[in-house]
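Engineer: Model the full assembly from the supplied sequences, consistent with the hints where possible.
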Amino acid sequence: MSQVASVGAQGSDGILVVDDIVKRFETAEGPLTAVDHVSLSVKPGEFLAVIGPSGCGKSTLFNIVGGLVDSYEGTVTVAGDRVRGPHPAIGMVFQEESTFPWRSVIDNVAFPLEITGMRKTERLERASHFISLVGLDGFERRYPAELSGGMRQRVSIARTLASEPKILLMDEPFAALDEQTRLLLGDKVLQIQQELQQTTLLITHNITEAVQLADRILVMTYRPGRVKRIVDIDLPRPRSSEIVSSEAFGHYVAQIWGDLREEASRGMRDEETRRKA
Amino acid sequence: MSAAVQHRLIERWLPALLGFGTLIVFLVAVEVLIRVGLINRYIVPLPTQIAAAFGRVVVDEDIVGRFRLTFIESFAAGAMITIIGVLVGMLLYRFPLWRRATETWVAALASAPTVLMYPLFLVIFGRSAWTIIMMGFVAGFPPVVLKTIEGLVTTRSVLVNVGRSLNLSSVQLFTKILFPAALPTIFTGVRLGLIFTLINVVGVEFLINFGGLGQLINDLAERYDLPGTYAAIFFVILVSILFFIAIEKAERWLRPAG
Ligand SMILES: Nc1ncnc2c1ncn2[C@@H]1O[C@H](COP(=O)(O)OP(=O)(O)OP(=O)(O)O)[C@@H](O)[C@H]1O
Ligand SMILES: [Mg+2]
Numbered sequence: 001m002s003q004v005a006s007v008g009a010q011g012s013d014g015i016l017v018v019d020d021i022v023k024r025f026e027t028a029e030g031p032l033t034a035v036d037h038v039s040l041s042v043k044p045g046e047f048l049a050v051i052g053p054s055g056c057g058k059s060t061l062f063n064i065v066g067g068l069v070d071s072y073e074g075t076v077t078v079a080g081d082r083v084r085g086p087h088p089a090i091g092m093v094f095q096e097e098s099t100f101p102w103r104s105v106i107d108n109v110a111f112p113l114e115i116t117g118m119r120k121t122e123r124l125e126r127a128s129h130f131i132s133l134v135g136l137d138g139f140e141r142r143y144p145a146e147l148s149g150g151m152r153q154r155v156s157i158a159r160t161l162a163s164e165p166k167i168l169l170m171d172e173p174f175a176a177l178d179e180q181t182r183l184l185l186g187d188k189v190l191q192i193q194q195e196l197q198q199t200t201l202l203i204t205h206n207i208t209e210a211v212q213l214a215d216r217i218l219v220m221t222y223r224p225g226r227v228k229r230i231v232d233i234d235l236p237r238p239r240s241s242e243i244v245s246s247e248a249f250g251h252y253v254a255q256i257w258g259d260l261r262e263e264a265s266r267g268m269r270d271e272e273t274r275r276k277a
Numbered sequence: 278m279s280a281a282v283q284h285r286l287i288e289r290w291l292p293a294l295l296g297f298g299t300l301i302v303f304l305v306a307v308e309v310l311i312r313v314g315l316i317n318r319y320i321v322p323l324p325t326q327i328a329a330a331f332g333r334v335v336v337d338e339d340i341v342g343r344f345r346l347t348f349i350e351s352f353a354a355g356a357m358i359t360i361i362g363v364l365v366g367m368l369l370y371r372f373p374l375w376r377r378a379t380e381t382w383v384a385a386l387a388s389a390p391t392v393l394m395y396p397l398f399l400v401i402f403g404r405s406a407w408t409i410i411m412m413g414f415v416a417g418f419p420p421v422v423l424k425t426i427e428g429l430v431t432t433r434s435v436l437v438n439v440g441r442s443l444n445l446s447s448v449q450l451f452t453k454i455l456f457p458a459a460l461p462t463i464f465t466g467v468r469l470g471l472i473f474t475l476i477n478v479v480g481v482e483f484l485i486n487f488g489g490l491g492q493l494i495n496d497l498a499e500r501y502d503l504p505g506t507y508a509a510i511f512f513v514i515l516v517s518i519l520f521f522i523a524i525e526k527a528e529r530w531l532r533p534a535g
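So the protein sequences, as listed, match chains A and B. Everything in the first sequence is counted per the numbering used here, starting at 1 for the first residue and increasing by one. Everything in the second sequence is counted per the numbering used here, starting at 278 for the first residue and increasing by one.
Hints may contain errors.
List time: in silico DSBU-like cross-link candidates among lysine-lysine, alpha-carbon distance up to 35 Å [what the hints assert, rightly or not]:
#1 A/276 with A/228
#2 A/188 with A/166
#3 A/188 with A/43
#4 B/526 with B/453
#5 A/43 with A/166
#6 A/120 with B/526
#7 B/453 with A/120
#8 A/188 with A/228
#9 A/188 with B/453
#10 A/166 with A/120
#11 A/228 with A/43
#12 A/166 with B/453
Calculated directly from the structure, the hints in this document are not laboratory data. As the structure is a prediction and not an experimental result, all values here were calculated from the model.
Structural biologist: Structure (structure tokens):
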């Protein structure tokens, strides 16, 4: 049932292709390779999850694909276009809290539309549509400070969805949520993604989340961040969070945990020695 | 009256009532302490005497005209520190080399007793309202610059990245993200600057014996009219109160979520 694709085998049919990315940081303790020769390819409409232990370079990869990083080796291409800055086809949901505290929920979500110069009535209408998609009807006039952390994260997701990007990049969008909300919001995002046929790259360190949502999972190694394995998830669609109790689901989780455990414990050992040093 | 309405009324007015009540209690206590002789009545006048002096000060000393002059001077200086201070802060943010070159000077200026420079300003601007406005400006300008820079520099990078990912131009990045994000800190700077400005405006009026409420306080003190002096000080406080109410309103309006 589970198929393990060979590492690095990339089709040329990808709408988003990451080729041989290397990113180094100069730190106080010398150069640090955050991302080491990572290649991946996402097909149109595909949902790819990238999973790896904390500090393995996931956010770095996310920022590179999003065009927010200037100096790195390798190339990122979107539908054949070499990416040299933020690409209009890409929408990003960030790991940190990123709502604008000075804007109400609806003005936050309408922000990308405001930038494109859409008329006010139209953009507010569109924004309310995406607000109800993430289940925040009735909160349009509230400010982020009046919302819970999970609700704010939903606002960020709605804001990115409102720009209707062909490619959706998300960096641990559910990390700040409790397990129940995470599962339910995961369902919502999956539903939207399937409806809009969005190509999605989800960064996560949550195995259940990855298996619940993705078509394929890319497991990263801990420092330097490399591609350890790519796993195809052959679970039926449409999926809902109920799938987490199925037997097949359990197999995938166990398999990926097997891969990740090595990396995570290597990461912990590494941090311990670092602390002692 | 429903419980909810009652609750809202209490929420709205209780703090003000409490503050006012505390003030009254304080004044009554001072009155009593003076009357029993624990406070020297030749140094601190009776609160009732001060209250009685209001009418006299208002009628005889042209308080309205003086109040207006002090208010206008403060307003001019306050507008200058806000507009010029924020602009300079923005420029120094934009050009980090200048910023590093000048930031310590500005910080030093912020803590320097610039009021001592009044003879220089007298020479430049003469014994006029401009001397007073410029002294108020010099005192209040540095905190506005420093806080503007701070607000812009400390804007969380993820907010800027949201803008970058949406391909905002650098002007849009500034007006749509950096500036609104920095606004609360900028307001802190303006509040701080305004404190120094108001002190200096009245202080310099007092020092050079010119114009508004500061001069009046000087006159009354020289005549040893202590109740009158304190009554005049009340109007100085009123100027500050008006400015701080205005700032609060402006902030609510510009940044509703606080
Ligand atoms: N600007 C930077 N300067 C120096 N080092 C950096 C910088 N950004 C990231 N790093 C380092 O690169 C490594 C990878 O960081 P990254 O944020 O990509 O990890 P991550 O996989 O997203 O972790 P998490 O799951 O905790 O979010 C870390 O060791 C981090 O310390
Ligand atoms: Mg991260």
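Engineer: All hints are to be evaluated individually against the structure, with a verdict given for each.
Structural biologist: Comparing the hints with the structure gives:
Pair hint residue 276 of chain A plus residue 228 of chain A holds up; C-alpha atoms about 28 Å apart against a cutoff of 35 Å. For the given pair, residue 188 of chain A sits about 18 Å from residue 166 of chain A by alpha-carbon distance, which is consistent with the 35 Å threshold. Between residue 188 of chain A and residue 43 of chain A the alpha-carbon distance is near 21 Å, which keeps this suggested pair within the 35 Å criterion. For a cut-off of 35 Å, the pair hint linking residue 526 of chain B to residue 453 of chain B stands: about 21 Å separates their Cα positions.
For the suggested pair residue 43 of chain A and residue 166 of chain A, the alpha carbons sit about 12 Å apart, so the restraint of at most 35 Å is met. Taking the CA atoms of residue 120 of chain A and residue 526 of chain B, the gap is about 26 Å. The hint holds against a cut of 35 Å. Distance hint between residue 453 of chain B and residue 120 of chain A is fulfilled; the C-alpha atoms sit about 16 Å from each other, no more than 35 Å. The straight-line distance between the Cα atoms of residue 188 of chain A and residue 228 of chain A is roughly 29 Å, inside the 35 Å bound, and the hint therefore holds.
For the proposed pair residue 188 of chain A and residue 453 of chain B, the alpha carbon gap of about 30 Å is at most 35 Å, so the pair holds. As the CA atoms of residue 166 of chain A and residue 120 of chain A are separated by approximately 23 Å, the hinted pair is consistent with the 35 Å bound. For the suggested pair residue 228 of chain A and residue 43 of chain A, the alpha carbons sit about 20 Å apart, so the restraint of at most 35 Å is met. Between residue 166 of chain A and residue 453 of chain B the alpha-carbon distance is near 24 Å, which keeps this suggested pair within the 35 Å criterion.
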